[in-house]
Amino acid sequence: MPGFSRFTSRLVPLLVDNIDTDQIIPARFLKVTDKLGLGESLFSDWRFNPDGSPRADFVLNMPEHRGAQILLAGDNFGCGSSREHAPWALSGFGFRAVISTSFADIFANNALKNSLLPLALSGADHREVVALLKSDPAAEFSVDLSSQTLITPGGKPMPFPIDSFAKTCLLNGVDELGYLLRFVPEIEAFEQSTSRG
Amino acid sequence: MNAPKAKTLFQKIWESHVVTQEPGAPAVLYIDLHLVHEVTSPQAFAGLRSRGLRVRRPARTFATVDHSIPTGDPAVPLSDMLASRQIAQMEENAGWGGIRFFGMNSTQRGIVHVIGPELGLTQPGMTVVCGDSHTSTHGAFGALAFGIGTSEVEHVLASQCLLQRRPGVCEVRIEGKKGPGVTAKDIVLALLARIGVGGGTGHVFEYTGSAVGSLTMEERMTICNMSIEGGARAGMMAPDDTTIEYIAGREFSPRGAAWDSAVARWRKLPTDDGAVFDRSMTLDISGLSPMITFGTNPGMGLAITGPVPSPDQVADPARRSALRKALEYMNLTPGQPLLGSPVNVVFIGSCTNGRISDLRLAASVLRGRRVAPTVRLLVVPGSQAVKAQAEDEGLDGIFKSAGAEWREAGCSMCIAMNGDQLLPGQYAVSTSNRNFEGRQGKGGRTFLASPLTAAACAVTGTITDVRTLPS
Ligand code: SF4
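First to last, the protein sequences are chains R and D.
Mapping of the first sequence onto the numbering used here: position 148 corresponds to residue 161, and the numbering continues sequentially without gaps.
Mapping of the second sequence onto the numbering used here: position 94 corresponds to residue 154, and the numbering continues sequentially without gaps.
Hints in this document: simulated from the structure, not taken from any laboratory.
Keep in mind it's a predicted model, so treat the numbers as computed, not measured.
Virtual Cβ for every residue (Gly too), placed ideally from N, Cα, C.
Accuracy of the hints is not assured; some may be wrong.
[Said to hold, decoys possible] Within a straight-line C-alpha distance of at most 20 Å, the following computed DMTMM-like cross-link-like pairs (lysine to aspartate or glutamate) qualify: (1) D:Lys72 - D:Asp300; (2) D:Lys502 - R:Glu204; (3) D:Lys385 - R:Glu53; (4) D:Lys72 - R:Glu53; (5) D:Lys238 - D:Asp344; (6) R:Lys44 - D:Glu151; (7) R:Lys44 - D:Asp140; (8) D:Lys502 - D:Glu388; (9) D:Lys72 - D:Asp133; (10) R:Lys180 - D:Glu231; (11) D:Lys237 - D:Glu152; (12) D:Lys72 - D:Glu231; (13) R:Lys147 - R:Asp47; (14) R:Lys48 - D:Glu152; (15) D:Lys385 - R:Asp70; (16) R:Lys48 - R:Asp188; (17) R:Lys48 - R:Glu189; (18) D:Lys502 - R:Asp70; (19) R:Lys44 - D:Glu152; (20) D:Lys502 - R:Asp58; (21) D:Lys65 - D:Asp332; (22) D:Lys502 - R:Glu189; (23) D:Lys72 - D:Asp332.
[What the hints assert, rightly or not] To spell it out: a stretch of chain R is covered by chain D in this simulated footprint if at least three of its residues, at any positions, have a beta carbon under 8 Å from a beta carbon of chain D; those stretches are: (24) 34 to 40; (25) 44 to 58; (26) 63 to 69; (27) 87 to 95; (28) 120 to 131; (29) 173 to 180; (30) 192 to 206.
[What the hints assert, rightly or not] Just some of the chain R residues that point at chain D, by a computed CB distance under 10 Å: (31) Gly107; (32) Phe116; (33) Ala117.
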């Protein structure tokens with residue numbers, strides 16, 4: 014897993030609160046046995062007409078948002094199911110960060126394991142980003158994980174929290190399972206001392 | 061001052077499962093029971109294989125198929141190639157990993173959260189995980205049970221552990237007695253209506269209070285099941301006599317001397333007097349009416365007799381627009397009563413309300429009545445064992461003579477992956493747990509309610525207060 018480096022991108026505004034995982038990727042697309050290709054079904058029911066054609070009025074289909082790597086969502090993003098297909102679909106589409114004011118626990122966990130940054134801003138900063146975007150829809154923001162800030166086009170850093178361990182793993186490309194497996198001797202000792210062998 | 065510190069149920073389980081923890085890093089938490097299903101596991105097994113790893117403790121993992129399986133006539137071969145590949149893959153992976161698998165032909169198969177307790181796999185004091193958010197259900201037994209993603213499924217398979225940060229604990233005290241027509245489902249819908257879908261984020265709920273002790277295990281499971289709908293990581297309830305009685309004699313329950321020592325351990329689990337919670341709230345259920353949701357998340361619920369709320373009366377602009385969007389999707393008018401609104405489909409089933417007691421509740425309403433001719437009623441048992449039990453009791457006969465479809469066990473129209481789904485624009489009253497846009501089929505509209513309410517709505521073909529159903 015390569016380390017998570019600083020990047021700059023436009024934002025795609027999808028300012029809906031409580032976007033749930035069934036919207037991010039509807040369940041009928043979960044009948045897959047690999048992780049690839051899910052980007053095509055991202056927000057499928059919002060993105061496509063019943064006949065399968067793209068809806069011109071949906072943000073992800075607008076040409077000006079093509080290639081943007083940051084999704085700007087409303088409050089409480091990712092509630093609902095534990096499907097890791099949600100971050101797989103977002104990453105598969107090309108997103109590297111999602112901005113909200115809070116994230117559902119399992120979604121945030123899943124996202125971090127896939128190098129997709131759940132970026133929770135304060136309510137005030139979130140409103141400011143929305144306002145900035147209104148005055149300049151093409152505004153570019155930088156995501157700097159090492160300083161834990163989102164940097165506005167005017168250079169203002171907006172802090173976001175992130176678990177220190179997750180941050181280290183992301184920055185250094187540490188594989189969590191590799192880390193966990195270092196403790197196998199301790200796990201064995203635990204199993205023996207608690208009669209779980 | 062040397063007296064042992066008073067601890068919560070959560071704390072006791074957490075502390076006894078931390079294998080080790082490095083400074084600044086999450087705890088390495090031991091997992092006692094891992095449940096696996098066909099939808100969220102294939103990539104985990106593939107990951108394991110590509111790293112050259114094996115399943116470390118196969119005896120602690122149990123697998124079944126529930127999400128994408130058909131619930132129609134079992135003699136008809138599967139027509140969905142993707143689903144059938146997923147099911148075959150589950151079987152193959154279980155075989156490869158040496159994992160006990162309850163497949164399509166097993167009498168023990170069913171929705172993971174129904175069969176865990178039913179088989180006696182779920183026990184107090186355990187850590188239980190599954191690649192499924194409704195793993196919170198198992199917390200009803202005084203276990204710490206939570207949903208995980210597929211990467212974490214791989215972690216558990218490979219190490220029998222997870223890297224976890226300790227969540228906060230929020231006490232949800234439930235007081236009072238439920239009135240006629242009110243069920244566990246109504247209690248949890250009332251809680252969600254109050255706290256919203258993000259109200260429990262970062263926390264585990266421990267349900268306490270006089271009302272909890274008087275609930276049956278199946279009622280407790282219904283409440284813990286929907287903890288995740290409030291954003292909580294898990295829901296839990298202290299084990300008591302009811303819990304112990306339920307577990308006794310099940311296939312995987314301890315026996316003989318092991319049973320006695322297990323019970324002695326379980327008795328020590330409840331939260332000590334004086335233990336401190338990070339947060340606390342109280343819900344008084346006296347005077348509660350049957351509840352129903354009107355919107356597109358489980359927190360958008362109201363007393364069934366109430367009017368649809370009006371966005372104009374919501375001060376917060378974000379909430380106002382969310383409410384407006386939900387009402388638009390549901391095609392409901394602010395201020396209109398929900399009672400009397402037409403219903404096309406009624407779904408009775410899921411890991412929330414697909415147990416035998418739920419089917420009995422539904423049957424108590426449907427006995428001697430007919431489903432309205434405009435309504436399709438699906439009754440889908442949560443497991444094949446629930447199905448067999450219902451048939452022993454003659455409930456299937458009640459459902460069939462009322463005009464319902466009596467189906468095989470599975471998730472079915474809770475998630476609409478298997479062909480059981482709403483058509484665009486249809487209204488469903490569903491005993492499941494999620495009313496998100498399209499959850500029960502693209503364009504479908506869901507009202508969440510209890511089995512009593514669902515059955516009453518099936519009879520009249522409209523949203524109905526079960527308490528007023530003419531006999
Ligand atoms: S019944 Fe519904 S909520 Fe429960 S496990 Fe199945 S799909 Fe998930």
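Comparing the hints with the structure gives:
1. D:Lys72 - D:Asp300: 16 Å, holds
2. D:Lys502 - R:Glu204: 47 Å, violated
3. D:Lys385 - R:Glu53: Violated - the C-alpha atoms of glutamate 53 of chain R and lysine 385 of chain D are around 25 Å apart, more than 20 Å.
4. D:Lys72 - R:Glu53: Violated, at roughly 45 Å.
5. D:Lys238 - D:Asp344: 9 Å, holds
6. R:Lys44 - D:Glu151: With Cα atoms ~15 Å apart, lysine 44 of chain R and glutamate 151 of chain D stay inside 20 Å; holds.
7. R:Lys44 - D:Asp140: The hint holds at about 10 Å.
8. D:Lys502 - D:Glu388: Holds: lysine 502 of chain D and glutamate 388 of chain D sit about 15 Å apart, inside 20 Å.
9. D:Lys72 - D:Asp133: 46 Å, violated
10. R:Lys180 - D:Glu231: It is violated: about 31 Å lies between the C-alpha atoms, which goes past 20 Å.
11. D:Lys237 - D:Glu152: Since the Cα atoms of lysine 237 of chain D and glutamate 152 of chain D sit roughly 49 Å apart, the hinted pair is violated (cutoff 20 Å).
12. D:Lys72 - D:Glu231: With a Cα-Cα distance of about 15 Å, the restraint between lysine 72 of chain D and glutamate 231 of chain D holds, given a limit of 20 Å.
13. R:Lys147 - R:Asp47: Distance ~38 Å between lysine 147 of chain R and aspartate 47 of chain R Cα, so the pair is violated.
14. R:Lys48 - D:Glu152: Holds - the C-alpha atoms of glutamate 152 of chain D and lysine 48 of chain R are around 19 Å apart, at most 20 Å.
15. D:Lys385 - R:Asp70: Holds: lysine 385 of chain D and aspartate 70 of chain R sit about 16 Å apart, inside 20 Å.
16. R:Lys48 - R:Asp188: The given pair, whose Cα atoms are some 18 Å apart, holds under the 20 Å limit.
17. R:Lys48 - R:Glu189: Within the cut-off at roughly 18 Å; holds.
18. D:Lys502 - R:Asp70: At roughly 19 Å apart (the allowed maximum being 20 Å), aspartate 70 of chain R and lysine 502 of chain D satisfy the hint.
19. R:Lys44 - D:Glu152: 16 Å, holds
20. D:Lys502 - R:Asp58: This hinted pair holds, its Cα atoms lying about 7 Å apart.
21. D:Lys65 - D:Asp332: At roughly 9 Å apart (the allowed maximum being 20 Å), aspartate 332 of chain D and lysine 65 of chain D satisfy the hint.
22. D:Lys502 - R:Glu189: 37 Å, violated
23. D:Lys72 - D:Asp332: Roughly 10 Å separates the two Cα atoms, so the pair holds.
24. 34 to 40: holds (count 4)
25. 44 to 58: holds (count 6)
26. 63 to 69: n = 1 at 8 Å, threshold three: violated.
27. 87 to 95: Three-residue rule met by the segment 87 to 95 of chain R, so holds; n is 7.
28. 120 to 131: holds (count 4)
29. 173 to 180: Held - the segment 173 to 180 of chain R has 3 residues with a Cβ nearer than 8 Å to chain D, which meets the minimum of three.
30. 192 to 206: With 9 residues in contact (Cβ-Cβ under 8 Å with chain D), the coverage given for the segment 192 to 206 of chain R holds.
31. Gly107: Interface hint status for glycine 107 of chain R: violated (20 Å vs cutoff 10 Å).
32. Phe116: 8 Å, holds
33. Ala117: Interface hint status for alanine 117 of chain R: holds (6 Å vs cutoff 10 Å).
Hints 2, 3, 4, 9, 10, 11, 13, 22, 26, 31 from the list above are not met by this structure, while the remaining hints are.
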